[in-house]
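Participant: Sequence:
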Amino acid sequence: MVLALVGGGAVLTGAAAAQAAPLPDHTFTFVEPKGSDWVVPGGVTEVIVGLRGGTGGCHYCSQPGGLGKSYLLKLEVSPGDTLTVYVGQSAADYSRGAGKGFIDGGKGGDKSRSAGVGNGGGGAAALKLNGELLAVAGGGGGGGGNGGDREIRPFSYSADFGGAGGDANTGTQPAWGEGKHAGNPGKNGENAPSFSRYNKSGENGASAGFMTSGGGGGAGGGGWPASGTAGGAGKKKLGFGAGSGGGAGMSWINPDASQLTVIDDGSYPVLEFGYTGPLAVENTAKITIPLELDTALYGPQEVAVGQDFELRAVSRDAVLQGLPIDGSFRLEVDGAQIAIGKTDGDITIPVAGLDEGTHTFSYVFTAKHSMGQYWNDNAVQRVELTVIVSATRSEGAGQDYLDLPPDSQGAEEESDDQICPAREAFEDVIDEG
Numbered sequence: 035m036v037l038a039l040v041g042g043g044a045v046l047t048g049a050a051a052a053q054a055a056p057l058p059d060h061t062f063t064f065v066e067p068k069g070s071d072w073v074v075p076g077g078v079t080e081v082i083v084g085l086r087g088g089t090g091g092c093h094y095c096s097q098p099g100g101l102g103k104s105y106l107l108k109l110e111v112s113p114g115d116t117l118t119v120y121v122g123q124s125a126a127d128y129s130r131g132a133g134k135g136f137i138d139g140g141k142g143g144d145k146s147r148s149a150g151v152g153n154g155g156g157g158a159a160a161l162k163l164n165g166e167l168l169a170v171a172g173g174g175g176g177g178g179g180n181g182g183d184r185e186i187r188p189f190s191y192s193a194d195f196g197g198a199g200g201d202a203n204t205g206t207q208p209a210w211g212e213g214k215h216a217g218n219p220g221k222n223g224e225n226a227p228s229f230s231r232y233n234k235s236g237e238n239g240a241s242a243g244f245m246t247s248g249g250g251g252g253a254g255g256g257g258w259p260a261s262g263t264a265g266g267a268g269k270k271k272l273g274f275g276a277g278s279g280g281g282a283g284m285s286w287i288n289p290d291a292s293q294l295t296v297i298d299d300g301s302y303p304v305l306e307f308g309y310t311g312p313l314a315v316e317n318t319a320k321i322t323i324p325l326e327l328d329t330a331l332y333g334p335q336e337v338a339v340g341q342d343f344e345l346r347a348v349s350r351d352a353v354l355q356g357l358p359i360d361g362s363f364r365l366e367v368d369g370a371q372i373a374i375g376k377t378d379g380d381i382t383i384p385v386a387g388l389d390e391g392t393h394t395f396s397y398v399f400t401a402k403h404s405m406g407q408y409w410n411d412n413a414v415q416r417v418e419l420t421v422i423v424s425a426t427r428s429e430g431a432g433q434d435y436l437d438l439p440p441d442s443q444g445a446e447e448e449s450d451d452q453i454c455p456a457r458e459a460f461e462d463v464i465d466e467g
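Per my numbering, residue 35 is the first one in the sequence shown, and the count goes up by one each step.
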């Protein structure tokens with residue numbers, strides 16, 4: 035549908051559009067922690083990958099589990115390449131369960147009596163290209179469980195709080211639990227073969243001993259090449275000690291992967307974990323194919339004063355399939371807006387006669403997409419066309435207008451009885467003039 039306005043001597047009275055052509059998929063979301071394969075489609079030479087390690091759990095604790103590492107990666111690819119994406123799952127907040135992933139987090143330690151359980155560590159997310167490991171986003175450490183109620187009386191609760199888990203995104207080490215009987219905190223993973231969780235999953239949190247009323251220790255998060263170690267549980271019989279946090283897993287970027295670039299997350303603060311942005315939200319990973327538009331505006335080179343004619347605008351997906359794509363448009367003549375509307379990517383617009391002179395039409399197309407703010411600039415394209423309006427139209431002028439693209443839905447060739455409406459309308463004008 036087109037909103038028709040009068041301006042600069044032109045009236046846009048209507049528009050003919052092609053069959054609806056939705057934008058081919060440019061975003062792909064994954065949820066499988068043990069790996070999902072994705073084959074690069076034809077025409078694609080670059081993708082953006084969002085990875086996010088799982089967050090450590092927090093069960094009735096004042097301090098949170100540690101965050102997983104987040105990566106926004108640009109990767110050069112070739113059609114037919116296979117990307118394998120591993121999702122870093124967060125640990126459950128109301129159980130000791132571990133987060134799964136390329137490398138799993140550990141399981142939280144058990145409680146004693148009225149204390150709280152320790153929390154699981156987050157799983158690590160990862161990316162492979164044709165079987166080669168390119169990147170790992172480590173999982174956060176689990177929070178320690180609270181110590182038991184020291185007063186043990188109705189309608190009152192007084193306890194030592196468990197320590198926070200190590201944070202894979204900031205590198206913050208896990209914290210001690212409150213109380214003098216709290217267990218030792220774990221450690222974030224270290225790239226050293228002597229480290230206890232080198233090439234292993236996150237360590238399970240320590241469990242509190244019988245009758246200690248101690249909180250369970252937080253588990254280590256998964257990571258590569260090393261995961262986090264576990265936090266200790268609250269100790270001492272009837273000591274009510276809190277558990278301490280578990281360490282975060284390591285994050286890793288393959289130094290030999292020249293085709294991989296880490297994009298600075300700080301450049302896109304609005305997009306962090308946004309559902310329509312390229313970064314992954316919790317318990318997912320995401321692949322985004324950059325959007326590239328190919329927009330063209332067709333029309334006659336020259337018309338006579340007062341002569342009606344048509345413009346045809348085609349906007350295609352330059353990367354995927356080359357099909358016209360849905361969106362909105364704005365049409366200007368000599369800098370003044372004369373029409374706005376929606377298009378399925380191939381629209382023919384009749385124009386009433388213009389005054390004598392040289393007129394410049396500007397067509398601005400905005401693709402309908404759900405790729406977030408990161409791709410907004412890529413989703414807009416402006417093209418121009420100059421039309422000469424003369425008192426006496428030159429013989430043969432405007433023949434380039436007949437050289438239109440084939441039908442937007444893929445007709446192989448136009449036969450004499452398959453001439454597009456724009457060409458047919460223009461030929462009527464030629465016959466009349």
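Any given hint could turn out to be false.
Computed list of lysine to aspartate or glutamate pairs in EDC-like fashion (alpha-carbon distance at most 16 Å, straight line) [unchecked claim]:
{"#": "1", "residue 1": "K68", "residue 2": "E80"}
{"#": "2", "residue 1": "K270", "residue 2": "D360"}
{"#": "3", "residue 1": "K162", "residue 2": "E80"}
{"#": "4", "residue 1": "K376", "residue 2": "D360"}
Calculated directly from the structure, the hints in this document are not laboratory data.
Participant: Against each hint, give a clear statement of whether it holds in the structure.
Facilitator: Hints, one by one, checked against the model:
1. K68 / E80: violated, 24 Å
2. K270 / D360: violated, 67 Å
3. K162 / E80: Between K162 and E80 the Cα gap is close to 15 Å, so the pair holds against 16 Å.
4. K376 / D360: holds, 8 Å
Of the numbered hints listed earlier, those contradicted by the structure are 1 and 2.
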